[in-house]
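K.L.:
This is what each chain is made of:
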Amino acid sequence: MLKSLRWIVYGLVVFAMNFPVLVTLITSFKTTREIAGNPGLWIEQPTLDNYLKVLTETERFNIFLYLANSTAAALIGTTLAILLAFPAAYVIARSETGQKLLLPLVINLRAVPLIVFAIPLYMMYQWLGLLDTQIGLGLIFTIVNIPLALVMLVNAISDVPVELDEAATVDGASVFDIMIRIIRPVIRPTLVTTFIFGFITAWNEFLFGLMLTTSRAVPMTVGASFFFAASGGGVQWGMASAVMILGALPPALLGIVMYRQLSGSMTAGAVKG
Amino acid sequence: MPALRHPAAAADNMALVKRAEGRLYLAPLVGFLLLFLGFPALLNLLYSVSTVSFETLRSPQISGFGNYAAALTDAAFWQSVWFSLRFGIITAVSECLLGLFLAIFLKPLLSARPVLMAPLMLPLMVAPAMVGLMYRLVLHEFAGPVPYYLFEWFGDSPAFLDYANAFRTLIVIEVLQWTPFAFLLFYVAYIAIPEDVHEAAALDGATGLQRLWRIDLPLMLPTLTVAFFIRFIDGFRVFDNVYALTGSGAGGSTTSLSIYIYQAFFKEGAIGKAVAASVVLFISSLLVLYGLNWLSARRKR
Numbered sequence: 001m002l003k004s005l006r007w008i009v010y011g012l013v014v015f016a017m018n019f020p021v022l023v024t025l026i027t028s029f030k031t032t033r034e035i036a037g038n039p040g041l042w043i044e045q046p047t048l049d050n051y052l053k054v055l056t057e058t059e060r061f062n063i064f065l066y067l068a069n070s071t072a073a074a075l076i077g078t079t080l081a082i083l084l085a086f087p088a089a090y091v092i093a094r095s096e097t098g099q100k101l102l103l104p105l106v107i108n109l110r111a112v113p114l115i116v117f118a119i120p121l122y123m124m125y126q127w128l129g130l131l132d133t134q135i136g137l138g139l140i141f142t143i144v145n146i147p148l149a150l151v152m153l154v155n156a157i158s159d160v161p162v163e164l165d166e167a168a169t170v171d172g173a174s175v176f177d178i179m180i181r182i183i184r185p186v187i188r189p190t191l192v193t194t195f196i197f198g199f200i201t202a203w204n205e206f207l208f209g210l211m212l213t214t215s216r217a218v219p220m221t222v223g224a225s226f227f228f229a230a231s232g233g234g235v236q237w238g239m240a241s242a243v244m245i246l247g248a249l250p251p252a253l254l255g256i257v258m259y260r261q262l263s264g265s266m267t268a269g270a271v272k273g
Numbered sequence: 001m002p003a004l005r006h007p008a009a010a011a012d013n014m015a016l017v018k019r020a021e022g023r024l025y026l027a028p029l030v031g032f033l034l035l036f037l038g039f040p041a042l043l044n045l046l047y048s049v050s051t052v053s054f055e056t057l058r059s060p061q062i063s064g065f066g067n068y069a070a071a072l073t074d075a076a077f078w079q080s081v082w083f084s085l086r087f088g089i090i091t092a093v094s095e096c097l098l099g100l101f102l103a104i105f106l107k108p109l110l111s112a113r114p115v116l117m118a119p120l121m122l123p124l125m126v127a128p129a130m131v132g133l134m135y136r137l138v139l140h141e142f143a144g145p146v147p148y149y150l151f152e153w154f155g156d157s158p159a160f161l162d163y164a165n166a167f168r169t170l171i172v173i174e175v176l177q178w179t180p181f182a183f184l185l186f187y188v189a190y191i192a193i194p195e196d197v198h199e200a201a202a203l204d205g206a207t208g209l210q211r212l213w214r215i216d217l218p219l220m221l222p223t224l225t226v227a228f229f230i231r232f233i234d235g236f237r238v239f240d241n242v243y244a245l246t247g248s249g250a251g252g253s254t255t256s257l258s259i260y261i262y263q264a265f266f267k268e269g270a271i272g273k274a275v276a277a278s279v280v281l282f283i284s285s286l287l288v289l290y291g292l293n294w295l296s297a298r299r300k301r
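Heads up: the sequence lines are chains A and B, in that order. Quick note on this note's numbering: the first sequence kicks off at 1 and runs consecutively. Quick note on this note's numbering: the second sequence kicks off at 1 and runs consecutively.
Take these hints with a grain of salt, some might be off.
[To be verified] Okay, derived cross-link-like pairs now, EDC-like style, lysine to aspartate or glutamate, Cα gap no bigger than 20 Å in a straight line:
{"id": "1", "chain 1": "A", "residue 1": "Lys100", "chain 2": "B", "residue 2": "Glu21"}
{"id": "2", "chain 1": "B", "residue 1": "Lys267", "chain 2": "A", "residue 2": "Glu34"}
{"id": "3", "chain 1": "A", "residue 1": "Lys53", "chain 2": "A", "residue 2": "Glu34"}
[Claimed, not checked] Between beta-carbon pairs, the in silico distance windows are:
{"id": "4", "chain 1": "A", "residue 1": "Ala16", "chain 2": "B", "residue 2": "Trp78", "range": "43 to 49 Å"}
{"id": "5", "chain 1": "B", "residue 1": "Leu219", "chain 2": "A", "residue 2": "Trp127", "range": "49 to 55 Å"}
{"id": "6", "chain 1": "A", "residue 1": "Pro185", "chain 2": "B", "residue 2": "Leu85", "range": "45 to 51 Å"}
{"id": "7", "chain 1": "B", "residue 1": "Trp294", "chain 2": "A", "residue 2": "Trp127", "range": "36 to 42 Å"}
{"id": "8", "chain 1": "A", "residue 1": "Trp127", "chain 2": "B", "residue 2": "Phe105", "range": "52 to 58 Å"}
{"id": "9", "chain 1": "B", "residue 1": "Leu85", "chain 2": "A", "residue 2": "Leu12", "range": "28 to 34 Å"}
{"id": "10", "chain 1": "B", "residue 1": "Leu24", "chain 2": "A", "residue 2": "Leu249", "range": "39 to 45 Å"}
{"id": "11", "chain 1": "B", "residue 1": "Glu268", "chain 2": "A", "residue 2": "Ala173", "range": "36 to 42 Å"}
{"id": "12", "chain 1": "B", "residue 1": "Phe54", "chain 2": "A", "residue 2": "Pro185", "range": "48 to 54 Å"}
{"id": "13", "chain 1": "B", "residue 1": "Asn293", "chain 2": "A", "residue 2": "Trp127", "range": "53 to 59 Å"}
{"id": "14", "chain 1": "B", "residue 1": "Leu217", "chain 2": "A", "residue 2": "Leu12", "range": "43 to 49 Å"}
{"id": "15", "chain 1": "A", "residue 1": "Gly129", "chain 2": "B", "residue 2": "Ser111", "range": "28 to 34 Å"}
{"id": "16", "chain 1": "B", "residue 1": "Phe105", "chain 2": "A", "residue 2": "Lys53", "range": "41 to 47 Å"}
{"id": "17", "chain 1": "B", "residue 1": "Gly247", "chain 2": "A", "residue 2": "Pro185", "range": "47 to 53 Å"}
Treat the hints as calculated values from the structure; they're not laboratory data. Glycine included, every Cβ here is placed at the ideal spot set by N, Cα and C.
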């Protein structure tokens with residue numbers, strides 16, 4: 001009895017929370033005519049037309065450009081964040097340097113609304129010629145990703161027995177050698193999770209994409225909103241749905257495949273951060 | 001927020017990473033943060049006390065606190081602060097209560113079949129901006145299934161995004177997307193409570209409710225606090241889903257503080273006012289953080 005109640009609650013909650021995605025997915029397989037007559041949750045004549053149109057009629061709305069921009073900027077933002085955080089995390093985990101000031105400062109960064117920095121960054125980007133570039137967007141994603149990357153890497157490195165480092169030191173290895181040859185292979189799973197998590201976070205970012213790009217480097221989240229703006233009052237709901245599904249797919253797939261690792265890192269970032 | 005563990009052996013490790021060498025490896029990160037956060041913070045302070053427009057961006061004239069006065073006497077500013085505060089508190093409380101209930105109620109299901117976690121976590125993987133756009137479809141009066149079924153079943157459907165309802169609609173949307181986050185934190189904390197604690201309580205004749213109130217909740221209190229503040233901060237600074245769904249919409253009734261700053265800058269070109277509002281937001285978030293750290297430091301003692 002209680003068990004079936006749990007199943008019912010679970011089913012309702014999953015349905016309600018994923019409702020927008022579900023509706024969009026269903027609508028993306030409907031013809032324009034069917035959408036007008038049947039807004040319900042079933043499909044009478046499934047079609048792939050919307051996807052075909054979105055992927056082929058690219059003169060006005062180039063989805064490949066947006067997907068490429070999101071991919072490039074997210075890759076830059078994630079890789080650079082890990083490259084910067086990894087050596088710092090090693091020093092913080094293995095010495096007292098950086099523990100008093102740097103680590104708390106970076107952790108608390110998560111709680112500062114980043115819009116606070118948006119206007120001066122916009123001005124700075126204008127001077128540096130970084131407005132509307134993939135690199136510029138990637139650098140912002142780096143900032144967004146650094147706090148969690150640092151916390152996760154410090155935690156992972158602290159869990160590595162210090163004897164490994166000591167043995168390597170005795171053999172004459174430098175700090176750099178230890179980081180690359182000893183620590184990196186041991187914390188590989190954490191590096192992968194950090195990377196995936198950072199990629200998803202960067203892909204889903206919206207505010208800076210909106211402020212710092214206008215055409216060439218527009219990411220998918222902003223591009224999707226252009227689709228609505230461009231079509232004015234008469235939104236083509238089938239195509240719009242296909243656009244949203246394609247834009248939401250990469251992080252959703254990564255998230256579903258990696259949900260176990262990601263749940264671990266989310267709680268690590270929150271509880272220890 | 002709680003600091004990371006300090007290894008008792010830290011002193012021994014000093015030999016592994018010498019101080020100078022350590023600083024060398026911290027330098028890239030520190031340099032990056034200074035360039036992308038430190039410098040902008042300074043620019044913020046400078047521009048907030050200057051007269052500046054898009055034409056004179058490079059030569060701001062220091063002019064005192066007029067920008068702060070402009071922001072702080074702007075009714076729209078206070079309206080957006082009020083929106084953000086209410087939005088942050090209501091969503092954080094709802095998400096924590098709902099997440100706590102789900103964590104405790106669904107634990108028997110989830111611990112037996114961990115794969116059931118995946119659909120619960122899916123909302124966290126979708127961009128909030130994208131979710132905002134999706135609700136344009138979900139709530140659309142002709143193409144959206146929610147108005148369709150409401151008409152079908154009840155013969156009427158409210159205008160979800162008009163002046164009277166937009167706030168409530170946005171609250172529901174935010175709560176539906178982010179409850180999984182609170183749930184996840186509580187679930188991890190809840191399953192970490194050792195089973196023998198529960199057995200001992202059962203031996204002492206505690207009912208389920210007593211056990212929850214006297215044992216589980218106190219043990220989960222730190223997690224509750226952390227989850228509440230994370231969700232409050234994220235709700236307070238909300239931008240993506242609100243902007244994607246309503247813009248500042250419905251007569252400015254859904255302008256969050258983040259949207260206010262964005263619009264003052266990009267739509268009105270009121271750079272000074274926008275920057276002053278940014279600084280106010282920055283200082284208030286520092287104050288909140290300071291208070292939090294003070295609280296957690298006091299608890300540890």
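K.L.:
Need the list of violated hint numbers for this structure, in ascending order.
P.N.:
As far as the earlier hints go, 2, 4, 11, 13, 14, 15 are violated by this structure, in ascending order.
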